[in-house]
Every structure is written in C-alpha cells, then in structure tokens.
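S.K.: Chain order of the listed sequences is A and B. Reading the first sequence from the start, the letters are residues 1 to 111 in my numbering. Reading the second sequence from the start, the letters are residues 1001 to 1113 in my numbering.
Hints may be right or wrong, so weigh each one.
To be verified - Lysine-lysine pairs mimicking DSSO-like chemistry, simulated, CA-CA at most 30 Å apart:
#	chain 1	residue 1	chain 2	residue 2
1	A	Lys70	A	Lys51
2	A	Lys70	A	Lys36
3	B	Lys1024	B	Lys1078
4	A	Lys36	B	Lys1068
5	A	Lys36	A	Lys51
6	A	Lys36	B	Lys1024
7	B	Lys1024	B	Lys1068
8	A	Lys36	B	Lys1078
9	B	Lys1078	B	Lys1068
Claimed, not checked - To give an idea of the interface, some chain B residues facing chain A are shown, with a C-beta separation under 10 Å as derived from the structure:
#	residue
10	Thr1013
11	Leu1045
12	Leu1046
13	Tyr1048
14	Pro1061
15	Phe1065
16	Ser1066
17	Asp1100
What the hints assert, rightly or not - A few chain B residues that don't get close to chain A, going by computed Cβ distances all over 12 Å:
#	residue
18	Glu1014
19	Asn1071
20	Gly1107
Think of the hints as simulated: they come from the structure by calculation, not from any bench. Backbone N, C-alpha and C fix where the C-beta goes; we use that ideal spot for every residue, glycine too.
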Amino acid sequence: GQQLNQSPQSMFIQEGEDVSMNCTSSSIFNTWLWYKQDPGEGPVLLIALYKAGELTSNGRLTAQFGITRKDSFLNISASIPSDVGIYFCAGPPNTGNQFYFGTGTSLTVIP
Amino acid sequence: DAGVIQSPRHEVTEMGQEVTLRCKPISGHNSLFWYRQTMMRGLELLIYFNNNVPIDDSGMPEDRFSAKMPNASFSTLKIQPSEPRDSAVYFCASSSFTGDTQYFGPGTRLTVL
C-alpha cells in the first residue's frame, strides 16, 4: 500500500525550542492532515490542508502543503512539555478513495 | 457529539480466549475503520466499512480476526482464539465518507497472556 514516510522518526528537544518535521509520499495527495497522539489516547486532528502551497496555523503549530503535493511540513514553535506525543501525517492520495497514515514522529520535550 | 466510543478501554485475557472489541462511530458518519497499533509496526489499518459493508479487509492478519458492522452505529472486532502476539492497542475511527478526515476513539489496550 501507499507509504507515507515521516522524518525524523523521533526527536528529543529542550523546552522552548522550535520543532520541524516532514512527511513525504510517492503519490500526489489531495489533502494533508496532521494528527497528534498523546500517550494512551487516540490520534486527534491538529491541522488540515487542502491546496498545494497552503500554509495554515493553529496556535503554535504551522503546517504547509508542499507545492509538489507529495509532501507536507509541520512546525511547532516554542515547544512546551504538553507537546510530547506522536505526530502523524495522513491523507487521501489522488489515485483512489483511500486514506493513509504516516509512520509517525515521536516528540519528547525536556523541561 | 460524544465522538467515537470504544469499549472496553482495557482488556486482559489468556491465550486461546475469544476477545470482542466494540465501537460506536460518530452519528452520521458512513465509514468506519479498525486499526492496530504496536511499537514495532506502528498504526496498521485492519479493515474498513462503508455504509456498513466491509470494503477492504486486506489488513486483517489472519482468519482468527473478524469484524462486523450490523448497523450504522455499531461495529465489533473479534479475535478467536487470541494469541500473545495480538497484544496491541486497537483503535476505531470514523469519517463522513472514505477519504474524508477520520476521527479516532480512545482505543482498547489488549493484553493477551
């Protein structure tokens, strides 16, 4: 099936630092979504992107829909301890009526 | 809306026993998905339904796993007989239609001893 590769796989950062992660695909995507999974919980939608080049913010989070439509980026500014969790990219490729999740980026914020 | 509801939240059972996980999707959503999450394999799609009909069950690991959706507001995932390697967190998610944003339940943490 479709593979969405996320990098980095894991990150350990100091509180207050900015975070950048990305997601790449071999297929063109129609929509890019970013989810966060807190420990012991299900993934929760953070940001949705619908157009190539789109830049959308949600508080300290900013995500971009890559202009090639094969990648997306998520940035977190001034990280805080509650940002800890696993971040997943996801979305439907333009090749069919499917929905795929990325491999995840695990974020640890050190106070 | 209450969101996706899953039960039980935790299940501990012995190898060979039957396990049934339950899910109530968000009202009005037509697509329902079952996922399994482990440290080794990450988030894996097991099966999904559209309008109560199973569309793709290629992710179901083997015949010991089965899923049903008797109506629009209820689905079950059954493992019979269970094995220790089935230990994982099982998530149910729903969306308005296949390809739309999915909303996840809190998951069921299954431990098979």
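S.K.: Work down the list of hints and note, for each, if the structure agrees.
M.R.: Against the structure, the hints:
Of the pairs offered as hints, the one joining lysine 70/A and lysine 51/A holds, with about 12 Å between alpha carbons and a cut-off of 30 Å not exceeded. As the CA atoms of lysine 70/A and lysine 36/A are separated by approximately 20 Å, the hinted pair is consistent with the 30 Å bound. A hinted pair counts as satisfied when its Cα atoms are at most 30 Å apart, and lysine 1024/B with lysine 1078/B qualifies at roughly 15 Å. Proposed proximity of lysine 36/A and lysine 1068/B is supported: the alpha carbons are some 28 Å apart, at most 30 Å.
In summary, the hint linking lysine 36/A to lysine 51/A is supported, as the alpha carbons are separated by about 21 Å, within the 30 Å threshold. Distance restraint check for lysine 36/A and lysine 1024/B: the Cα-Cα separation of roughly 22 Å lies within the 30 Å cut-off, and the hinted pair is therefore satisfied. As the CA atoms of lysine 1024/B and lysine 1068/B are separated by approximately 12 Å, the hinted pair is consistent with the 30 Å bound. Straight-line distance between C-alpha atoms of lysine 36/A and lysine 1078/B comes to about 27 Å, which keeps the hinted pair within the 30 Å bound.
For the hint linking lysine 1078/B to lysine 1068/B, the alpha-carbon distance of about 8 Å falls within 30 Å, and the restraint holds. Interface restraint check: threonine 1013/B against chain A, minimum CB-CB distance 20 Å, threshold 10 Å, status violated. For leucine 1045/B, the interface hint holds, the least distance from its beta-carbon to any beta-carbon of chain A being 8 Å, beneath 10 Å. Because the smallest distance between the Cβ of leucine 1046/B and any Cβ of chain A comes to about 13 Å, over 10 Å, the interface hint for this residue is violated.
Interface restraint check: tyrosine 1048/B against chain A, minimum CB-CB distance 8 Å, threshold 10 Å, status holds. Checking proline 1061/B against chain A by beta carbon gives a least distance of about 15 Å; that is not within 10 Å, so the hint is violated. The beta carbon of phenylalanine 1065/B comes no nearer than 18 Å to any beta carbon in chain A, farther than 10 Å, and the hint placing it at the interface is violated. With a least beta-carbon distance of about 21 Å to chain A, the hint placing serine 1066/B at the interface is violated under the 10 Å criterion.
For aspartate 1100/B, the shortest C-beta to C-beta distance to chain A is roughly 8 Å, which falls under 10 Å, so the interface hint holds. Every C-beta of chain A lies more than 12 Å from that of glutamate 1014/B, the closest at about 24 Å, which supports listing it as non-interface. Every CB of chain A is more than 12 Å from the CB of asparagine 1071/B (nearest about 22 Å), matching its label as outside the interface. Against the 12 Å criterion, glycine 1107/B falls within the reach of chain A, whose nearest CB is about 5 Å from its own CB.
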